[in-house]
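2 protein chains.
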Amino acid sequence: MSRLVVSLGGNALGKNPQEQKDLLKDIAVHIVELIKDGHEVVIAHGNGPQVGMINLAFSESSSTPAMPFPECGAMSQGYIGYHLQNSIGNELAKQNIDKSIAAIVTQVIVDEADKAFDCPTKPIGSFYSLDESIKLKEIMGYDMVEDSGRGYRRVVPSPMPIDVKEKEMIKSLLKDNHIVITVGGGGIPVVKKGHTLEGVAAVIDKDNASAKLAEIIDADILVILTAVDNVYINFGKENEEALHEVSITRLEELIKEKQFAEGSMLPKIKASINFAKNKKISVIASLDNAEAAFKLEAGTIIKG
Amino acid sequence: MSRLVVSLGGNALGKNPQEQKDLLKDIAVHIVELIKDGHEVVIAHGNGPQVGMINLAFSESSSTPAMPFPECGAMSQGYIGYHLQNSIGNELAKQNIDKSIAAIVTQVIVDEADKAFDCPTKPIGSFYSLDESIKLKEIMGYDMVEDSGRGYRRVVPSPMPIDVKEKEMIKSLLKDNHIVITVGGGGIPVVKKGHTLEGVAAVIDKDNASAKLAEIIDADILVILTAVDNVYINFGKENEEALHEVSITRLEELIKEKQFAEGSMLPKIKASINFAKNKKISVIASLDNAEAAFKLEAGTIIKG
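Line order of the protein sequences matches chains C and L. Each residue of the first sequence is one higher than the one before, counting from 1 in the numbering used here. Each residue of the second sequence is one higher than the one before, counting from 1001 in the numbering used here.
Keep in mind the hints are simulated off the structure, nothing from the lab. Being a predicted model, the structure only gives us computed values, none of them experimental. For every residue, glycine included, the Cβ atom is placed at its ideal position computed from N, Cα and C. Please note: incorrect hints may appear among the correct ones.
For lysine-lysine, the following PhoX-like pairs were computed, each having C-alpha atoms within a straight-line distance of at most 25 Å [claimed, not checked]:
1. L:K1094 with C:K171
2. C:K192 with L:K1025
3. C:K21 with L:K1167
Calculated from the model, a selection of chain C residues having no Cβ within reach of chain L, i.e. all distances over 10 Å [stated by the list, open to error]:
4. V29
5. I35
6. G48
7. G149
8. A201
9. Y232
10. I233
11. E252
12. E262
13. K277
14. N289
Can you build the whole structure from these sequences, using the hints too?
The structure is reproduced here in structure tokens:
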């Protein structure tokens, strides 16, 4: 029996509630296989498209108050958490497995002095014209950047997670053999101000949050499920090559060679290294190969 | 030491995120007093204004998908849960109390055969004109009613809670001395279809959900915090009288005399009776008197 943290991409969950429900029916089958193999499972998930949708609804609606970004993130934890626990719970019931699963609303602590706060890089929400973008900067104080020729978007910092506020509750639930969904969307980012934790407009990378959580709960394996079957070198080129098992040292060389795309594979690899370096195992694999990846028979295995 | 379920009204939480944060700072002080007295605490809460706001944002926004009512409820659990655990967590830290608190996304099971499904009565969301209301009935299949001369509104059923899906996790957390926030907004209503739980457009009364939860976790006291200091007879009349301690038998007589307003005090009293009848105690009190009410020194005490 191992303790696994499974990190699901927000993009794997579709664009609307019906798509999300449909996609989760298949994902639930994979997760239940893992549980049948006797593993302890914690599920982390992204929320990019979902928190964008919630943020957009409040921006476009004329009768509702402005909704700050941490609160939109909290809503996305409720929304995705409900569908995850419902679909996995239904699959467990179908297979007569007596186990409980639920999402915990989760705050992840970041450092106010994190350099990311000086340099917001993570685009969120809608696209705006240059004029609108100047207004938003003036009125709301948002940082705005031009995004890939498609218009201007708000950017927020992406600081590193340093602790999970609700960790003791997660540990209690795992001890009693429950399945926990946590750090949704990388967690609701909060900073310490004296005794107080205060929500901040930021996005914690969900793979970094998953790696930090995996470390805190002393998990054995971190599984990052994404759109590709493996980590590749020379990706998209003639000499493209899938990595099956790779050491941290080798990965660090490949990072120096700029083999991995920033904002895409690179953060997954860095999170995987962070977790694996304490004699643990990280796996990066596709959702399609999830079951084999859980058995370390597919994907890219990173051993510390 | 007693185990208490505290049921907070959604109206006590304000109309926007800033109001909610501000109001919760005071509520947090009351809850922490309760914890300092050594009690085990479960917090339930309403979500009327908040789920209405979320539902409205998605209705008014043109670029986001339609958001079904159970999903809006799940979002409200994340939104209110985050503010509750943040404010109470901050107050605990301020007073150097080492305890964890978190909201659990919670599904509450209702019976598909509940008569409430034949007769939707609970108004939700925006007001519409007669024409719009006819269209919504045709296109979306919504039940619409005229509401107090202010226009037409969608109504959904308000079935009775029969079980709390995540109850074993709540019990595990209480066993380890954590503080749990659950059945937000009465819980996400789900019905059993074979092995499957399926979300339904309905609103479970949060006091009924709190009473059911209190029964399931074998709580000692159910405290319903509302806008008035006591339950009154002849309310608003010259001979108005506050009830301080009252038996179930007496309350049932008063219900027959139609002493209590439907949709307002009556459901709170019925929920209180349901819980108290198994030799337990229910209290209905105002938020202002919360600390005295927790000690059974204020409010209306109902003993079974």
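* Identify every previously stated hint that the structure contradicts and give their numbers, smallest first. => No hint contradicted; all consistent.
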